[in-house]
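> Here are the chains, one letter per residue:
Number of protein chains: 4
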Amino acid sequence: MTFDPAELERSPYARFLRVTLVRQEDGLVEFRLPFREEFVRGDGADWLHGGVVAALVDITGDFAVATRYGSGVPTIDLRIDYLRPARRGDLVALGRAVRAGRTVGVADIEVRDARGDLVAVGRGVYAAPRQG
Amino acid sequence: MTFDPAELERSPYARFLRVTLVRQEDGLVEFRLPFREEFVRGDGADWLHGGVVAALVDITGDFAVATRYGSGVPTIDLRIDYLRPARRGDLVALGRAVRAGRTVGVADIEVRDARGDLVAVGRGVYAAPRQG
Amino acid sequence: MTFDPAELERSPYARFLRVTLVRQEDGLVEFRLPFREEFVRGDGADWLHGGVVAALVDITGDFAVATRYGSGVPTIDLRIDYLRPARRGDLVALGRAVRAGRTVGVADIEVRDARGDLVAVGRGVYAAPRQG
Amino acid sequence: MTFDPAELERSPYARFLRVTLVRQEDGLVEFRLPFREEFVRGDGADWLHGGVVAALVDITGDFAVATRYGSGVPTIDLRIDYLRPARRGDLVALGRAVRAGRTVGVADIEVRDARGDLVAVGRGVYAAPRQG
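Chains as they are written, first to last, in my numbering: chain C, 1 to 132; chain F, 1 to 132; chain Z, 1 to 132; chain W, 1 to 132.
No wet-lab data here; the hints were simulated from the structure. Even glycine gets a Cβ: it sits at the ideal position worked out from N, Cα and C. Fair warning: there could be bad hints in the mix.
Claimed, not checked - Just a sample of chain W residues kept apart from chain C, beta carbon distances all over 12 Å, derived:
hint: 1; residue: Met-1
hint: 2; residue: Asp-4
hint: 3; residue: Arg-15
hint: 4; residue: Arg-18
hint: 5; residue: Gln-24
hint: 6; residue: Pro-34
hint: 7; residue: Tyr-69
hint: 8; residue: Tyr-82
hint: 9; residue: Leu-94
hint: 10; residue: Gly-116
As the list claims (entries may be wrong) - Rough simulated footprint, nothing fancy, chain F against chain Z, three-plus residues with beta-carbon under 8 Å:
hint: 11; stretch: 42–49
hint: 12; stretch: 78–85
If we strip away everything but chain C, and leave its shape as in the complex, we get (with noise of 0.2 Å):
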């Protein structure tokens, strides 16, 4: 399964970010956010602030188990893990839906920057689509 990539467009604070889709299979996706100047950590400076990161964590994972449940589901809870700063440039994120059940789906999601290092780990849980 896959969900419509027209829901991404729909998201006004996915177009304020800027988040690209790279591609989307069953259970997995993956998103680009482009760099910007707003997304240092100081003015000027070679890092990104975590937030970015959080935000494109979030997105990520969310899709990943939208893959699954065909749309977008609110989330119910989500940790990120920083494990070395991120580099000015773009960040890549992949997202794998490591559970898709009937009460909840579990995504986990890696971030990677421009240099393509693992710069954190993020994993969510996703209350299912209710059964109508």
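Given chain C, work out where chains F, Z and W should sit, using these hints.
Structure of chains F, Z and W alone, referenced to chain C:
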């Protein structure tokens, strides 16, 4: 101890989100995130995007421990639990430093929507500044 | 609402640990874990093993939401933050249901050691009983 | 690097649970928790108590980073996601050190039940040993 409020101004990401510091005391901070149309879940939606709440949790936790350490410190990990959807309108976040040790600091964060309802709780672990 | 305290007695793992219910109210529970020599970090050590604290957090969070749902429910995820080492002696844990929704319940847990110091905080998400 | 397996023997809590080390390599450990009747959810139940899974996650994550640091280190925080109920029988856990930095180490843990099904995933942050 407190941190220099200008530190917030020097953060392009905080300016991008337009988050404002309402008050700071030893171990306590309050931030406000003024509503913007870009923050809703879908065009014209009544509810805010979870990533907006996450961004506010991140900044609030960081500065809560900054009141103890004297300046912002790197996030080690961050967790957000969404308790109910946040209505369109300003968000207010309260952050408390529950620990400021030699190795790490820990912060608890509460986010309320414009109606005053608790919409999310967060907890973050931050690296203590290295002693010189 | 409350749960039947006999439910705790019917849990072999709770008996194994010898955890006892101190009190329960709507949305609130208190448990005590009596000290045993098997709970220290190393033979003769002055400090308790983190896994013992984790076990108490787990049970306390589960029964905190059980006061709202009427019986124990499956854990979806659990997080424990260790704030300081726990001294040898009894542990006491206080659990609060911060949410008891249709899909999930959320509990906050505080653990104190024999001296009354806060040694750990926990947060858990639990699956709501299916309506039927 | 590895840790001295006798360290596990010196832990009363590990002996109490009767957890055994299956193997260790640099950054990787495998543990087995032999089934005991005390570990089930209710008398005669077919499923293991979540707290038993949590205890195994805790020990496995700690020793995964210990392969990098040379000895066990204090847990800063620990998270466990339960993916499906664990059947009665032995549990096996695999732990990987995903980071071993100067301030903290991070471990990922997978727990499988006797049938080989993935029943839980965990992630822990541990304090790096202080450099003398």
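> A separate judgement is required for each hint: does it hold in the structure or not?
Here is how each hint holds up against the structure:
no.: 1; hint: Met-1; in the structure: holds (19 Å)
no.: 2; hint: Asp-4; in the structure: holds (27 Å)
no.: 3; hint: Arg-15; in the structure: holds (31 Å)
no.: 4; hint: Arg-18; in the structure: holds (29 Å)
no.: 5; hint: Gln-24; in the structure: holds (22 Å)
no.: 6; hint: Pro-34; in the structure: holds (27 Å)
no.: 7; hint: Tyr-69; in the structure: holds (16 Å)
no.: 8; hint: Tyr-82; in the structure: violated (9 Å)
no.: 9; hint: Leu-94; in the structure: holds (15 Å)
no.: 10; hint: Gly-116; in the structure: holds (16 Å)
no.: 11; hint: 42–49; in the structure: violated (count 0)
no.: 12; hint: 78–85; in the structure: holds (count 4)
The earlier numbered hints that this structure contradicts are 8 and 11.
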